[in-house]
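Using the sequences and the accompanying hints, generate a full structural model.
2 protein chains.
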Amino acid sequence: MGEELKLLGVWGSPYSRRVEIALKLKGVKYEYSEEDIFHNKSASLLKYNPVHKKVPVLVHNGKPIVESQVILEYIDETWKDNPILPRDPYERAMARFWAKFVDEKCAPALWKSLMGAGPEREKAHEEAHELLNTLEGELKGKKFFGGESVGFVDIMANFVGYWVGVLEEAVGVDVLTEDKFPVLCKWAEEFRNCPVIKENLPPRDRMVAYFRDQRETITTFYKNKA
Amino acid sequence: MGEELKLLGVWGSPYSRRVEIALKLKGVKYEYSEEDIFHNKSASLLKYNPVHKKVPVLVHNGKPIVESQVILEYIDETWKDNPILPRDPYERAMARFWAKFVDEKCAPALWKSLMGAGPEREKAHEEAHELLNTLEGELKGKKFFGGESVGFVDIMANFVGYWVGVLEEAVGVDVLTEDKFPVLCKWAEEFRNCPVIKENLPPRDRMVAYFRDQRETITTFYKNKA
Numbered sequence: 001m002g003e004e005l006k007l008l009g010v011w012g013s014p015y016s017r018r019v020e021i022a023l024k025l026k027g028v029k030y031e032y033s034e035e036d037i038f039h040n041k042s043a044s045l046l047k048y049n050p051v052h053k054k055v056p057v058l059v060h061n062g063k064p065i066v067e068s069q070v071i072l073e074y075i076d077e078t079w080k081d082n083p084i085l086p087r088d089p090y091e092r093a094m095a096r097f098w099a100k101f102v103d104e105k106c107a108p109a110l111w112k113s114l115m116g117a118g119p120e121r122e123k124a125h126e127e128a129h130e131l132l133n134t135l136e137g138e139l140k141g142k143k144f145f146g147g148e149s150v151g152f153v154d155i156m157a158n159f160v161g162y163w164v165g166v167l168e169e170a171v172g173v174d175v176l177t178e179d180k181f182p183v184l185c186k187w188a189e190e191f192r193n194c195p196v197i198k199e200n201l202p203p204r205d206r207m208v209a210y211f212r213d214q215r216e217t218i219t220t221f222y223k224n225k226a
Numbered sequence: 001m002g003e004e005l006k007l008l009g010v011w012g013s014p015y016s017r018r019v020e021i022a023l024k025l026k027g028v029k030y031e032y033s034e035e036d037i038f039h040n041k042s043a044s045l046l047k048y049n050p051v052h053k054k055v056p057v058l059v060h061n062g063k064p065i066v067e068s069q070v071i072l073e074y075i076d077e078t079w080k081d082n083p084i085l086p087r088d089p090y091e092r093a094m095a096r097f098w099a100k101f102v103d104e105k106c107a108p109a110l111w112k113s114l115m116g117a118g119p120e121r122e123k124a125h126e127e128a129h130e131l132l133n134t135l136e137g138e139l140k141g142k143k144f145f146g147g148e149s150v151g152f153v154d155i156m157a158n159f160v161g162y163w164v165g166v167l168e169e170a171v172g173v174d175v176l177t178e179d180k181f182p183v184l185c186k187w188a189e190e191f192r193n194c195p196v197i198k199e200n201l202p203p204r205d206r207m208v209a210y211f212r213d214q215r216e217t218i219t220t221f222y223k224n225k226a
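Line order of the protein sequences matches chains A and B. Residue numbers are given in the working numbering: position 33 of the first sequence equals residue 33, and the series is strictly consecutive. Residue numbers are given in the working numbering: position 200 of the second sequence equals residue 200, and the series is strictly consecutive.
No lab work stands behind these hints, which were simulated from the structure alone. Virtual Cβ for every residue (Gly too), placed ideally from N, Cα, C. Worth double-checking, as some hints may not be accurate.
[As the list claims (entries may be wrong)] Label-pair distances were calculated between CB atoms; the ranges are: (1) PHE38(B) - GLU91(A): 28 to 34 Å; (2) ASP179(A) - LYS140(B): 54 to 60 Å; (3) LYS80(B) - GLU178(A): 43 to 49 Å; (4) LYS143(B) - ASP179(A): 56 to 62 Å.
This is the structure we're talking about:
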């Protein structure tokens, strides 16, 4: 078979990692190509994602798919083994709802609450708490958002499951604490310990160093501006 | 059959109308309930959408589905006649990509460019032009985003197809002009003239009056702040 599958990604990006997790859960082989997204975007990236010029891009037999959530649905519809989304239309709708909630509400609030500056950070901190509370309630009584195994929402929530802890260490602030969010903290641990997830997480030390640098740049920028 | 289908919506909301268009395209009967979203949210709305407390909410046999895009996918998976999304996984991915582009990029930029104030408005105006250019390119050579008939992207783009023209009239600014975007303008006309769409658009006069009021409130607020 002349099946060609290539992923353009960035090592520290939760969006790229979502796609890698899905492909690995499915047992689908792919070629990975690391992008220098900030300094030197490849000709492939510009060709295959002319609209956003961002990673991840999955190229299947020469045809590009863009946006991590869209890619996850494509993977699930193309390789049917080990389904990521539930089969029942209502449960699928619920998974899509929570995926959207995590991606569009929780992740940005958590990012600002950890990496933001000034009053924006304070506000985001409160907002993140409220959002995590809602997520905590949704997860109660379940091992994973997907039930007994990792599914669509768990993959979409990888930022909460891994990146948040890294950022907390990098900037010295705690948000996702066990006393406030015991269910989410347990989930995050289970998530990180799944073999497929574990072997696919970017190295923690390198991540912490990277975000510590980023945080300093942001703080300096904010000080000079104020 | 004890099938119960109820939609909580707001007459002037493009999000609510998306769901109505989809249900009407499918020929599915439903009961509609108008929400007073700004002054008096109903007990049903608070019960069925406790996370966002927003419309639209589709309640199917007592189970709520929230977020217009999620609802459209649910409708398409539950009532299979007159499919909204294409069958082929790659084409489905493309439809989801453009739906996201229209919903998360174009619509907010167009809204700010028409209803925003001050420098934010200027910036959004430029951004909206760039985004519409991209959309114009995607649509070239096609009658609808969905091909020969209205599909997922067309429904998601209803804000561009109808609301933008209303807002332009209400605030006296032109964005989507025929000389700059002939393909999109032709599409918008075709879209509005589809029988199912046509009979489901909110009345233009009421909309113009409503948005003119809104625009005045925003302008007054901005003047008092500046």
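Hints and how they fare:
no., hint, result
1, PHE38(B) - GLU91(A): 28 to 34 Å, "33 Å, holds"
2, ASP179(A) - LYS140(B): 54 to 60 Å, "57 Å, holds"
3, LYS80(B) - GLU178(A): 43 to 49 Å, "46 Å, holds"
4, LYS143(B) - ASP179(A): 56 to 62 Å, "58 Å, holds"
In this structure, every one of the numbered hints holds.
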